[in-house]
Structures are given as structure tokens and as C-alpha cells.
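These protein sequence lines are chains A and B, in that order. According to my numbering, the stretch in the first sequence is residues 8 to 306, in order. According to my numbering, the stretch in the second sequence is residues 121 to 416, in order.
Mixed in with the good hints, there may be bad ones.
Cross-link-like lysine-lysine pairs, in silico, BS3-like; alpha carbons within 30 Å at most [stated by the list, open to error]: (1) B:LYS235 / A:LYS24; (2) B:LYS413 / A:LYS112; (3) A:LYS27 / B:LYS146; (4) A:LYS302 / B:LYS146; (5) A:LYS27 / B:LYS303; (6) B:LYS233 / A:LYS28; (7) A:LYS113 / B:LYS296; (8) A:LYS298 / B:LYS406; (9) B:LYS289 / A:LYS273; (10) B:LYS235 / B:LYS296; (11) B:LYS363 / A:LYS298; (12) B:LYS363 / A:LYS112; (13) B:LYS363 / A:LYS302; (14) A:LYS22 / B:LYS363; (15) A:LYS302 / A:LYS121; (16) A:LYS22 / B:LYS406; (17) A:LYS121 / B:LYS233; (18) B:LYS406 / A:LYS121.
Simulated from the structure, these hints should not be mistaken for laboratory data. None of the values given here were measured: they were computed from a predicted structure.
Listed here are the chains, written in short residue letters.
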Amino acid sequence: MIPAITFKNNGINFKEKAFKKTLTLLAILAVVILIAIFFTLLINSFPSLKALGAGFFYDKTWDPVADEYGALPFLVGTLLTSFLALIISTPFSIAVAIFLGEYYKKGIVAETFKNVIDLLAGIPSVIYGFWGLFVLVPVVRVIELKLNLPPYGVGIFTSSIILAIMILPFSVSLSRQVISMVPDNLKEAAYSLGATRFEVITKIIIPYTKSGLFAGLLLALGRALGETMAVTMLIGNTHSIPTGIFSPGNTMASVIANEFSEATGKIYTSALIEMALFLFVVATVINVIGKQIIKRFTI
Amino acid sequence: MRNNDLINAEDSRSDIERQIAHRNKKNKRFKGVVIGATIISTLPLLFILFYIFRQGISAINWHFLTNLPKPVGEAGGGVANALVGSILILLVSCIIAIPIGIVIGIYLSEESKSKLAYYCRLAVDVLQGIPSIVIGIIIYEWIVRPVGGFSAFSGSLALALMMLPSIVKSTEETLKLLPESLKEASLALGVPYYKTMMKIIVPTGLGGILTGVILSIARVIGETAPLLFTAFGSPFMTTDIFKPMSSLPLIIFNYATSPYEDWHQLAWGASMLLILMILILNIISKIVQRKWKVQF
Chain A
8 MIPAITFKNN GINFKEKAFK KTLTLLAILA VVILIAIFFT LLINSFPSLK
58 ALGAGFFYDK TWDPVADEYG ALPFLVGTLL TSFLALIIST PFSIAVAIFL
108 GEYYKKGIVA ETFKNVIDLL AGIPSVIYGF WGLFVLVPVV RVIELKLNLP
158 PYGVGIFTSS IILAIMILPF SVSLSRQVIS MVPDNLKEAA YSLGATRFEV
208 ITKIIIPYTK SGLFAGLLLA LGRALGETMA VTMLIGNTHS IPTGIFSPGN
258 TMASVIANEF SEATGKIYTS ALIEMALFLF VVATVINVIG KQIIKRFTI
Chain B
121 MRNNDLINAE DSRSDIERQI AHRNKKNKRF KGVVIGATII STLPLLFILF
171 YIFRQGISAI NWHFLTNLPK PVGEAGGGVA NALVGSILIL LVSCIIAIPI
221 GIVIGIYLSE ESKSKLAYYC RLAVDVLQGI PSIVIGIIIY EWIVRPVGGF
271 SAFSGSLALA LMMLPSIVKS TEETLKLLPE SLKEASLALG VPYYKTMMKI
321 IVPTGLGGIL TGVILSIARV IGETAPLLFT AFGSPFMTTD IFKPMSSLPL
371 IIFNYATSPY EDWHQLAWGA SMLLILMILI LNIISKIVQR KWKVQF
């Protein structure tokens, strides 16, 4: 008869269980953090939600001294800068994505440009703002003088250009990924019919990757909406509704950055937090939709 | 295809040749446009780097690195407190974010099909997309307001929250590349699960994980917005992480928006320092990636 072998356990079972529990607990923690973020914002914006209601989004005056909090100027400023940035950067980001995803996929040229674009993503927002303040603002001022506009230098247009540079690497990396996933047999079939490369790109690659490219733009827009430091330094920080693309303005993120630490009074703080809540919700929705499209595309 | 690009049955030979030449010309022109746009896209980087190095190089010297900022009007002064502050804040956020991030990454790669993994992945994705200024507000509400004062520690927490998603993702993606047989071999030898994970799987994937960690540090080292309401900044040298502390991005912001020439000079120097750090971190991550390549 074989004697039953008993192992000394040395607490392995306990450690085993503790390890698995830690894994699960921390995974739960990630979800809890996100939910807690949402509820922190929601609860802290209650005073302003109650006091201002929907007027928050269509009231035109933001005057903390008179206790008036209308976020419309900032909403307009945010949308204007973000969409303008998207319009400026899209042709370039698509071109770079085609360059890296189709023309130069490998080799030293591709590696160089890829690294340059990556570095562009690595430069901190505050440095973009600083550079913009000393290099871009004088240039914009000259343009404004030529156009017979008041030469503010700072404003929606200036921030949009900087934002366009900042979101470029982001949409490039997504679009390149999508473009390089076009099946070779589709492209080869077109080439075999005598199509030129231009025709393959416009008739095969772009239609095939349409949804993926759209998701890339969407995610870049999400980035632009929440971008803070560079915009804060370049937008001019006025509380009136921008009258054109050259006028100074304010975005939601820049108002929060400028006023949150000095905000006194319950409703003032809470109104700023409500803007943060709005940014959070918009960024989350855009992010989830964009990632979903990309995921569907990848499969 | 546009109609004039199509060849019709009654076209003569010269017509066809002309059409082909036209299409080829269009093809070439398009390639030119793409290459031109790509080159234009890289110009901002060159301009920014050139300008910052030109302005910053004269500001940086030993004095700049070891002295405290001087009040307006006095020449000289340095950014020693901000440099120390940046490093301390980052160190604390690394201590918080790296273990948590790696553990969540392990969970996601191990239980990749479970329901919790789905929600966890979603949460991490969303966390990555949250504007940095919102993270600042959150930490302000969670830590600064209850405690009653700004502190470097709260800044570290904010940065840790921003580092977490990319650490989780790089860990998950690296561990997914490892073959199942590696784990099975270890388990078959009777090595307990936790030891298999910590002594076999994680060390094998260390290169990939480390690359992700270094890149996430490079990404948050220049973050300013989350520090505005947390670390806040301070003109003094301090190593107490429960007091307000200065950091490089914060002084760049404060000095860049000030009207004084002396302070702009300090900000240019600080910008160059920051960019150098980011460049070095990027190079290190490339070296790590190449040296400890995770492959099977």
C-alpha cells in the first residue's frame, strides 16, 4: 500500500488565495475609481445644478461678482477651438497617415518620421503654450493687422493652431494603424486592373477605412476638448462670447484652470465643477464610441 | 471613377495615351502633396525644439540648477526647488501607480474573458481619456479639501491616476504575448500560481512593462493642469511631501505668463530642462525595448 503523502503547506494556500484576491480587488478598484470620479463631480455640482438649472448652458454672462454663471461663452469657445483645430489638423494627419501607412511603411524614412511624430506627442502642453506665446502670437498679430482686425495676437485662432499641432500625433497614430490594416488582396486586385497608387488610395483605402478614420478624428476631437494649459495661455481669457475666429475667448478647461483655485462661494465653485462634469461626460462618450468603432474595425 | 478617367470604346490610341499620362500625372502630384504635407507636419517640432534650445541654452548652468528663484528685479536665480519637486512628486506617483498598474495588467491578461475584466478595461480606457484638468479637480475634492491644504502628495496622486492607464495597458499587452506553455511548464513543476506569475511571467515580460512605465513617466513629467490645484507650487525648497511643492511645469506656467524678462529666461531654461528629460526618457525606453525585447 502506498502511504498517503502529506505536504507541508507552508501557507501556500493562503498566499495563493491572497494573490488572487489582490488581483480581483485592484481590478475592482479601477472600476470604483471611475465611478467615484463621476459621482464626486456630480455631487459637487449639485448646488449649481439646482441654482442654475439648464440656464447654465444658454446664459451669456459669467460674472462671479454678481453671482451670474452662464457657461455659453465657454461652450462656444470650446467647440470653436476644438473644431477649428480638427479642421486644420485633419488634412495633415491623413496625409501623414497615408505617408506612413502606404508610401513609406518601413525603412529609415518611415522610422524617422514616426519618431518625429511621437516626439511631437511628447512635448508638454505648457511648453506648447509658452512657445505659442512668444512665436505664434507675434505672427498672428501681423496677420490680424493685415486683415484690419484688432491685433490681440492671442485668441481662438492662435489656440486652434497649437491644438491642431498637439492632436496631430494622436490622430496620425490611429489612422496609420487603420490604414495599414487594409487587406493586401484588395489593393493588389486594384493594381492588377491598372489602377494608379492615387486611385488605390482614394478608391480602395479611404472607403475601406472610412469608419476607422472617423473614429480617429473623433478621439482627436475628444483630446482637443479637454486640452488645458496651452489653450489657457493662448486664448486671451475673456468672458464674452467670441465674435469671430480671431477674437479672444475662453474654453471650459481654461476657465477652470484660471478660476478654480480662487473661486469663493458655493455656487461659483460648483459651477466650475459642473463644467468639469460636462467635460468628463463628453470626453467619456467620445472615447467609448471612438474605441468601439476602432475595435469593430480591428476585428 | 470620374467619367473622363475612363477609357471609352471609340477612343483613339492617342486619346488613351493622353488619359494614361493624365492619370499618372495625378498620381505623382498626389504623392508630392502627401510628402509635402508630411514634411510640413514635422516643421512645428523642429521650430519648437530649435527655439527652446536657442533660448534655454544660455539660461542653463550650474547656478541655474542649484539655486532658488530670485525675486523680480534680481538677476540670476535658478530652479533647484522645482527640479527637486518634480523628481519627488514623480517618485511618489511611481511608487503608487506602478504596482497597482502592473497588478491590474496581470488581472486583465489572466482573466481576459471575465465580466469584471470587460468593465475594468472599459474603466481604464475612460480613465485615459479624462481631461487632465478634471483629474486635478477630482484630487482637489478627494484630498486637498478634506485635508485643508495643498500638498505634493496630492499632486503625486493626480499624476499616478494619469500614469495608471498606460501602465495597465502595456502590462496587459506584453503579458498576452507570452506563450501559455511558459506558465504551464512552471505550474507543472508544482510552482504555486502566485510564484509563477511573480517569478516567471512578470520577469519575462519585464522589458515591455518597463518600456510602458518609462513612457508613462515621460508623459506625465510635463503635466501641469493636474498640479495646479494639488501641488500648487512653492517658492521655497521643500522635501516634505505634505506641503505645497514646486515643479518644473508649474514654474514654466507661472513664469511664462508673468510680464518679467528675468522670469521668462528662467522659464526657457526650465522648458529646455524638461524637454531634455523627456528626450532622455524616450531614448531609455527605446534602449530597454531593444535590449529586453519580449519575443518567442
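Hint check, failures only: 3, 4, 9, 11, 12, 13, 14, 16, 17
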